[in-house]
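Participant: These protein sequences, in sequence, are chains A and B.
In this text, residue positions in the first sequence follow my numbering: the first is 1, and each later residue adds one.
In this text, residue positions in the second sequence follow my numbering: the first is 1, and each later residue adds one.
What the hints contain is simulated information worked out from the structure, not anything from laboratory work.
One or more hints might be untrue.
Claimed, not checked - Derived, one-sided and incomplete: chain B residues facing chain A with beta-carbon distance under 8 Å:
| hint | residue |
| --- | --- |
| 1 | 19 |
| 2 | 135 |
| 3 | 392 |
| 4 | 425 |
None of these values were measured; they are calculated from a predicted model.
The C-beta atom is built at its ideal place from N, Cα and C for all residues, glycine as well.
Protein chains: 2
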Amino acid sequence: MSVLNVQLLLTGNELMSGDVIDSNSAMTAQYLKNVGIEVQRKVTVADDMKALVDEIQLMSQQTDILIINGGLGPTVDDMTAQALALAANKPIERHPQAMQHLQTWCKQRNHPLSEPNKKQADLPQGCEIIANSIGSAVGFKLVLNNCEIYCTPGVPPELKLMLNDEIIPRLAKKIPQHLKTTVKRMQVFGIGESTLQQLINDNYPDWPTDVELGFRAAMPLIEVKLTSRSAAATQQANNWKNKLKQLLGDHIIGDDSAKLNKTVIDLLQHKKQSITLAESCTGGLIASQLTQVAGASQVFEAGFVTYSNKMKQQLLAVNEKTLTEHGAVSKQTVLAMAQGALKISQADYVIAVSGIAGPDGGSQEKPVGMVWIAWGDSRSINTCCLYLPGNRFFFQQYVAAASLDLIRRMLINSLNRPYYLKERQFSIKS
Amino acid sequence: MSVLNVQLLLTGNELMSGDVIDSNSAMTAQYLKNVGIEVQRKVTVADDMKALVDEIQLMSQQTDILIINGGLGPTVDDMTAQALALAANKPIERHPQAMQHLQTWCKQRNHPLSEPNKKQADLPQGCEIIANSIGSAVGFKLVLNNCEIYCTPGVPPELKLMLNDEIIPRLAKKIPQHLKTTVKRMQVFGIGESTLQQLINDNYPDWPTDVELGFRAAMPLIEVKLTSRSAAATQQANNWKNKLKQLLGDHIIGDDSAKLNKTVIDLLQHKKQSITLAESCTGGLIASQLTQVAGASQVFEAGFVTYSNKMKQQLLAVNEKTLTEHGAVSKQTVLAMAQGALKISQADYVIAVSGIAGPDGGSQEKPVGMVWIAWGDSRSINTCCLYLPGNRFFFQQYVAAASLDLIRRMLINSLNRPYYLKERQFSIKS
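With these hints in hand, go ahead and build the complete structure from the sequences.
Facilitator: Rendered as structure tokens:
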């Protein structure tokens with residue numbers, strides 16, 4: 001049981017109707033857990049004034065901290081400020097700081113400050129503003145029945161920033177040092193969740209009970225978490241994390257929320273080398289993932305999305321004969337795509353992929369879910385053939401992840417063979 | 001307000017900690033909505049006996065129907081049956097029908113009937129069994145304080161079957177035909193949420209109260225929803241949806257959950273025409289969005305991700321002079337990129353983008369968030385310059401959406417000018 005009682009109130013017709021799956025409360029709980037605070041209870045109600053007012057009054061009597069999420073927008077169904085004012089029996093006032101934020105926000109966007117927008121500055125008297133650095137809706141805090149109530153926006157990136165910058169640091173200060181929960185996380189790829197669990201069971205039957213081990217499938221990565229709830233356990237957790245690092249080796253992408261795209265960009269920047277891509281079945285997804293990372297331009301000059309055979313020939317100089325004899329989804333074609341992309345772009349490294357994303361286009365010999373991946377540099381290019389049945393989305397995501405992982409392993413001269421090269425290897429079915 | 005008050009109680013430590021995102025409650029709400037029942041309130045608590053008992057007692061006094069989800073498994077943290085028995089002040093008894101189900105279930109699987117399994121037959125006295133055709137945990141129903149309480153399993157496919165086969169048909173019978181809720185949705189882009197609200201306020205001050213209008217920012221699209229709760233209101237809602245369609249015209253992407261990428265692919269397929277892309281700042285995101293759609297290969301042969309100036313010259317034949325004189329982020333450069341991509345790919349339509357995604361690389365004249373977009377065909381290519389400050393993720397997503405929207409408007413010969421061309425237009429700041 002946490003030292004601080006924290007409850008969440010989520011509002012929105014779309015949450016009640018099931019049109020939207022609530023991920024904001026999970027994100028909030030995870031942020032809170034990182035500083036040792038557990039959420040006690042969550043309540044979700046529609047955009048209904050009476051329901052909101054009743055719930056705010058009730059919850060404020062039961063908890064130390066209430067975080068309200070949603071209902072800060074400019075439209076009529078956004079009613080959090082009004083509901084909080086009614087619950088606290090305060091008038092609504094146009095808040096000068098919120099107005100200033102709105103004016104700046106609109107000016108930066110050449111956007112007229114409309115009446116519905118101004119509504120976002122109409123807040124309960126006496127509330128404190130919580131800055132929103134990317135959205136129009138400011139957050140705000142009010143104390144009612146000795147409960148600190150934080151009102152936050154429903155747009156996930158805005159909520160995330162507000163939690164990170166303002167709310168979590170404030171709440172963390174309320175937790176005594178010796179009661180803090182510590183969570184150590186790392187990201188793993190190239191090993192299945194059950195294999196991972198078995199490996200740990202086999203190697204560490206003496207895993208300590210006060211270092212809680214958890215896994216989370218953060219498709220396609222797996223997050224490994226070590227949770228400790230005392231200073232002594234935290235010290236132990238450090239040792240056990242190091243043991244895990246030895247056990248898992250290069251299957252570890254990195255600590256905390258490390259990602260494959262950022263890791264590959266960092267490795268290339270460090271080596272001052274560059275990469276190019278020749279994508280068929282992923283259709284630009286790998287390029288898009290790499291260029292999501294700020295600074296990608298230092299290591300990435302060009303990518304080729306060659307969906308048709310004609311464009312594989314024209315842009316990447318793949319021989320017509322190679323395509324006719326072996327087909328677009330073949331070892332010979334991905335090799336030629338990789339060689340072509342390397343030559344044209346003059347990059348140091350290359351990834352080329354060609355496969356059958358589906359749902360159509362499969363055959364018995366080359367079924368939906370089959371993919372050839374080529375990766376390497378000007379001296380040597382490797383290839384593999386994987387079988388990733390499922391749906392188009394899963395297929396594209398996994399091909400992109402495996403491709404980036406294979407280049408990552410090459411960049412760190414890894415000798416660890418990723419499990420998918422065995423477990424997901426394609427073998428022709430009879 | 002629905003004729004029947006239905007509330008959900010969700011239980012599970014993994015839901016409170018945020019390790020698992022709850023999708024069961026959304027599924028339940030959607031099934032209920034299909035028969036005209038709205039969920040009034042959802043409460044989530046951890047696997048904690050006192051919290052569960054308190055919540056069941058309280059909720060049973062407030063609602064007609066309570067659906068409890070989770071906590072039916074064989075382990076110690078599964079405590080729904082026990083909590084319900086305590087709340088209702090009934091003893092726990094081994095239920096013969098539940099035991100029989102367990103015996104059959106185990107026998108079919110060559111699975112010994114273990115003591116933890118038998119716990120799943122220990123249920124509150126007087127409860128009615130609800131069959132589970134695929135899992136070991138039966139559901140059960142008990143009436144407390146005139147509230148019908150349904151206990152359901154947390155495993156999504158088991159919950160789904162139980163809702164479909166048993167619970168929804170029972171509840172549907174309680175709703176008179178003329179009171180069923182109907183929701184009509186459409187997706188809109190090219191108009192801000194506050195502008196949208198203002199436009200509707202100005203044009204339809206007489207909007208009927210029984211056709212509830214809702215908006216949801218499904219970044220970058222906006223979803224517009226019309227909810228009606230009676231046969232008469234549903235008929236009205238049809239008329240008002242048609243009025244909205246006239247008012248919003250080509251800002252409407254489509255009905256239900258229409259998407260920009262699918263809409264563009266469909267339009268091109270219908271015309272039997274093709275598209276190519278020359279992407280700088282979006283780094284393959286537009287290509288990736290188009291190729292997420294099954295069947296994209298019929299209208300998309302190739303895309304160019306030209307991040308560096310060298311590659312803009314080499315792959316798209318942009319003049320070195322154009323780049324030196326005007327820079328990579330300029331009208332002249334995107335025009336040349338578009339012309340080059342069209343010529344090389346022989347596609348019918350083209351999108352080219354070049355901008356400053358940030359966080360670095362901006363200047364006073366060309367700040368982070370500025371982007372040039374070119375779109376068109378071999379006869380005419382249009383350009384615009386937008387200013388989309390925020391973060392890199394938002395910038396790339398919005399540029400991709402605006403680009404696809406501009407081509408969509410061209411494909412339908414739209415005369416409606418999207419609002420972002422005005423409100424988000426870039427103007428050099430002094």
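Participant: Each of the hints needs a verdict: does it hold here or not?
Facilitator: Each hint, compared with the structure:
Against a cut-off of 8 Å between C-beta atoms, the interface hint on residue 19(B) holds, since the closest Cβ of chain A lies about 6 Å away. Annotation: interface hint on residue 135(B) violated; nearest CB of chain A at approximately 20 Å, more than 8 Å. At about 6 Å, the closest approach between the beta carbon of residue 392(B) and any beta carbon in chain A falls short of 8 Å, and the interface hint on this residue holds. Of the supplied interface hints, the one on residue 425(B) holds, with its beta-carbon coming within about 6 Å of a beta-carbon of chain A, less than 8 Å.
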